[in-house]
Amino acid sequence: MTRSPLRPIAKVLRAREDGIDPALIEAQAKAERLRKQRTAERRRAESRLILLALTFVMAFSAVGYKMTLLAASEPVEPSIVRTTTPIVNQRADIVDRNGEILATNLITTSLFAHPQEMVDARAAADGLAEIFPDLVSDDLYRIFTSERKFVWIKRKLSPEQRQAVYDLGEPGLQFGPRELRLYPNGYLAAHILGGTSFGREGVHAAEVIGVAGVELMFDDFLRDPANEGAPLELSIDISIQAAMRRVLRGGMAMMGAKGASAVLMDANTGQIIAMVSLPDFDPNHRPDPPVSGDPADSPLFNRAAQGKYELGSTFKIFTAAIAMEQGIATPDTMINTAGPLRWGRFTIRDFHDYGARLSLTDVIVKSSNIGSANLAREFGSEAQQNMLRALGFFDKLSVELPEAQRSKPLIPGNWSELSTMTIAYGHGLSASPLHLAAAYATMTNGGLKVTPTLLKTTPPPTEADRVISAETSAILRDMLRQVVTRGTASLAEVEGYQIGGKTGTADKPHPQGGYYEDKVITTFAGVFPTSDPKYVLIVSLDEPEENSGLEARRTAGWTSVPVAAEIVRRVAPLMGLRPEYFDDATNPDVTLTSN
Amino acid sequence: MRGVLLVFGVALVVFFATWAYRVNYRTQEALARVDTLYDQIAQERQTIAVLRAEWAYLNRPERLLALSEKHFSDLKLMPIHPGHFDEISRIAYPVPVVEDPVGDDPLIDMLIAAAIEEILAGSE
Chain P
1 MTRSPLRPIA
11 KVLRAREDGI
21 DPALIEAQAK
31 AERLRKQRTA
41 ERRRAESRLI
51 LLALTFVMAF
61 SAVGYKMTLL
71 AASEPVEPSI
81 VRTTTPIVNQ
91 RADIVDRNGE
101 ILATNLITTS
111 LFAHPQEMVD
121 ARAAADGLAE
131 IFPDLVSDDL
141 YRIFTSERKF
151 VWIKRKLSPE
161 QRQAVYDLGE
171 PGLQFGPREL
181 RLYPNGYLAA
191 HILGGTSFGR
201 EGVHAAEVIG
211 VAGVELMFDD
221 FLRDPANEGA
231 PLELSIDISI
241 QAAMRRVLRG
251 GMAMMGAKGA
261 SAVLMDANTG
271 QIIAMVSLPD
281 FDPNHRPDPP
291 VSGDPADSPL
301 FNRAAQGKYE
311 LGSTFKIFTA
321 AIAMEQGIAT
331 PDTMINTAGP
341 LRWGRFTIRD
351 FHDYGARLSL
361 TDVIVKSSNI
371 GSANLAREFG
381 SEAQQNMLRA
391 LGFFDKLSVE
401 LPEAQRSKPL
411 IPGNWSELST
421 MTIAYGHGLS
431 ASPLHLAAAY
441 ATMTNGGLKV
451 TPTLLKTTPP
461 PTEADRVISA
471 ETSAILRDML
481 RQVVTRGTAS
491 LAEVEGYQIG
501 GKTGTADKPH
511 PQGGYYEDKV
521 ITTFAGVFPT
531 SDPKYVLIVS
541 LDEPEENSGL
551 EARRTAGWTS
561 VPVAAEIVRR
571 VAPLMGLRPE
581 YFDDATNPDV
591 TLTSN
Chain W
1 MRGVLLVFGV
11 ALVVFFATWA
21 YRVNYRTQEA
31 LARVDTLYDQ
41 IAQERQTIAV
51 LRAEWAYLNR
61 PERLLALSEK
71 HFSDLKLMPI
81 HPGHFDEISR
91 IAYPVPVVED
101 PVGDDPLIDM
111 LIAAAIEEIL
121 AGSE
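Chains P and W are the protein sequences, given in the same order.
Going by the numbering used here, the first residue of the first sequence is number 1, and it counts up by one from there.
Going by the numbering used here, the first residue of the second sequence is number 1, and it counts up by one from there.
Keep in mind that the hints were calculated from the coordinates and are not lab data.
Treat the numbers as computed from the prediction; the structure is a model and nothing was measured.
Note that the Cβ used here is the ideal one computed from N, Cα and C, for glycine as well.
Just so you know, not all the hints are guaranteed correct.
A short, non-exhaustive set of chain W residues, derived as facing chain P with CB atoms under 8 Å [to be verified]:
id, residue
1, Ala17
2, Thr18
3, Ala20
4, Arg22
5, Asn24
6, Tyr57
7, Arg60
8, Glu62
9, Pro82
10, His84
11, Phe85
According to the in silico footprint, chain P covers these stretches of chain W (three or more CB under 8 Å from chain P) [claimed, not checked]:
id, stretch
12, 41–54
13, 70–81
The following block holds chain W by itself, in its conformation from the complex (with noise of 0.2 Å):
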């Protein structure tokens, strides 16, 4: 009975050692990929940081009003004037789409080429 007790605990604590040496190990290697992230997470900051910046001092006004100067013929771009508001009653509607009665009949393409070919034949 004691034989059997004493190999159980003796199994039981390799098993025990084991799991706690695993669990240290994958501990160490989730807190080494926790700090990769850290860092990358910081690179990517700085990388926006300066994609940011870039971005402010391509997007300045004073680049801006001379980009749109240099490409007027394209753009037709100028400064905001007041007459450049106006009031909504006073936009023309668009013009309705009216549909063709007629449709899509074959018969009438039939016969416009029927037409051509006799006027072609008559012009001859």
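Same shape as in the complex, but just chain P (with noise of 0.2 Å):
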């Protein structure tokens, strides 16, 4: 670069030689030098001008363009931030005490049709009505042809059933995932699982609600994401649940029964092992609650948990009980018996005249309602209220079924001296099986109160459940035992479980009042085996008639009860109980063995 001098010395001293002013050349020369200096400067502007547009407009551009992509693009989730959890299932699994499955899901499909999109609506209304005989061409081919743009057809599709509608070709016909709740074991546990329905539904999925039972109480449990689809555990067992069905299902065809009910009941903690009601019904297809006739006799209905049944002379041993830990009687006091007891207009009889005294433990054996009345009379109304409280005869079931949360049991409106002495032997009172299973149960296993549960988690109960003391509860027990080896209940006996009992009959109330000559509900109430209660069972027959004798038996001791003794022979050794060989006579302890 050639550096031109601030002044130019040449050029002065030349024109100081030729007489022009100097001066002006020096100004010139600085003229010059300022206008280069300017050009530089602008155009150094005009580059950081240039440059700051283009950072400018490939921000914007920038900004534009991601502002496109965000507008045409389809939102989808991002994708760096994973969920680790397992995908689990829309509804979680019930299962039964040792995991196997009572409800489960199954991805099915549903149909639905877009008639707008239809093709050939003759063809396609004609097609379906053959793979669906229930459907009818000429209403299809109505609604294909209407202006309707959606209309659901099938809710639950076969795989077969859905290539068949794949063959017809019909693009307005189109198909759903659909969720399907699936019960393995059908009728059995119906009432206990309930049952389900599609709650909001959509052309992707559709929500599966429980309508009844567990599926209905724990609805939310099972459908809480936060489980991790954790199975819902049962304490019942389903292998017991289908032997006792079984011998159930048996024992009311022979007796010509027209409903039945039987509780298998754990006597320490309350689980129920099996609950069976007749007639039953497949939750794979709930049907619709019945619009006429009596809801008790619906196969919906729960006769175990739901019914109020007076339960008859099963409610002796409270009486009993109560007599007992009030201190006005032991085993071998002497009761009244002489009959028949009158009470205003009202008389008490018993089956059998038994004379005019019978000791306690005889009361009960023979099972002699004068006896218990006199009794009760005794102790009063309010020991007898206070135990039945105690025992839970006043509330609803705090057992997991929402139906039976609803029943709360008939207790007389005024608790007259009358309704103590027939309460005192199951008149006047009705609660369900499940009921009177908890409170033999809590009779039998020492006095401590359980409440029936279907959880398989349930704690045992404490000594503040306390109802009775442990000594009144072995004379109960050993009371039972009596019944079952000298007494109403004979045919309960299977040798090797030591089976207590006892048995109640109770004539059916009329709807129009008073009660039934030949119509009965019979109960048989047991506890299995009586040295160590491990099991409770309740078996509930209604309307029996055992027709082997020369007239027709209705008694609980000729229905209920061989019909507990065969569920107690199928149940038992399936629980894994070894039969003991007692000989009850002379010493309990001792376990006869021969070699």
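Fit the two chains together into the complex; they arrive one by one in their own frames, and the hints show the way.
Encoded structure:
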């Protein structure tokens, strides 16, 4: 670069020689320098402006590009943030106490139509009517040619039906996935499981909601994704349930009963091992609730938990318990049984005449109504109410079934002395067989109150739940055992299982008031083995009749008791309960073995 | 000196740009793979659920009972009964295996063979 001097000496000297003013030359040079400087500055400013403009253009186009991208693209979830939880079912499984599946889900297909997109509505209607016999071709055609844009055709399709619809080749017929609740065991445990139906429905999914039973009770738990698909564990055992249902069905048919129920409960925890109510239904195709007739005759009705029956003489054991707890009687105290006992217009009779006096044990063993009524008169209504309240007969069941929780026992509004006397032998108070099961468990397990439950993880009762003393409980067990060895329930004897129990036969109430002459509800409430009670069994038959003799026999001893014995014979070995052959008469602590 | 630095800088930029580019694509590939795996897991779970449902359906007590009755002649299965329990002390001990004191002496076999031959010869 050639540098020009600040003062152009050469030009100034030449100008002096030529006589020109040198200041002019200097001014010219200065002006030239300033011009160059300005040009350079302008150029620099221009380039900065261009750079700035470029930056802005780039920044704005970047923002514009991103905005266009966002506007044009489908919304997707950010792919960097991932859920680590496994993909779980919409609704958790229900399993029994051994983990066998009672309810699970299956993906099926639903079928819907877009009539506007149909190519050949006539062919589609005819084809569908052929695949689904319950659909009528003309009805479908009317729908397909109407103004509607969307119509459900079938909510559940089998794979074969789906293929058949595919083969119609109609673009207006479309499929959606559909989760289906499956009960692989069908009728078994129908009343416990309840059932499900579809809630809000969409094309891509449908909500499965519980409508009854534990499905409704634990709806929130089953649908809670936070459980990560952990199943709901029930206390029931499906193989026991199956055996019990089979025996009960056989017994119901043999006795010509119109309904039957049975409850098998763990005597120490209140866990329900099996609960059957007949007639029953298939929860896979849950029938609609009846619109006419008695709802208690519907298969949907759970006799074991919802039914309210007078449970008859099974209540006498509570009477004996109160008498012993109050200290007014021991098993050997003689009770007046002379009859008939008149109370105002009301007469209390016994099935047979048992003479003037019986010991308390014999009042139970022979099932004397008069003896029980006389005892109740002695301890009074308050003691009786307190005991029955403690046993849960005043409250709705807390078992995990919504139907049962709505059903309150029927207790007399005015608890008169007559009520006290009739309730002492089980008339005048209606409760469910499940109430009775819990009360028998409480009476026999050593006196600790149990609450019936369907959950496997229920803790056993503690000393705080004591209702009667352990001694009274032991005496009651002995009495119940004697009812079987020499009393009304002799047909209940199953060798090796030391069953103890009490029968109860109650006339059915007439809807118009009063009682039927020839219609009864027979109940057997039992516990086994009596030396160390493990299980309580309640069997109840509705209108049974045993016709092997000369005249029809309707007492529990001839109807419910043999059924109960057969249930124990089948079910106890299944539960791994070893038969132990005691000689009851001599020493119950020595097991006789032979070699 | 400046030129060297410039060349070095450009080389560094190219290197890191390539690296970032490759990491980006590898990440996308890994994410896509994770997606596929999740899909597969979901599908497997679905299959397991179907198989479990099928297993429960095929093993329902009602069907097992019918099957055991149908194949009773082969299986001889019957419902468990209180009589099926017994005391261990009542089960007989297995008969002990008594050792043959002679053992595998080849001489014995020879003697037996000779005796058989003799008998056969005698019976002729």
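Compare the structure with the hints numbered earlier in the document and write down the numbers of the violated ones, lowest to highest. 1, 2, 3, 4, 5
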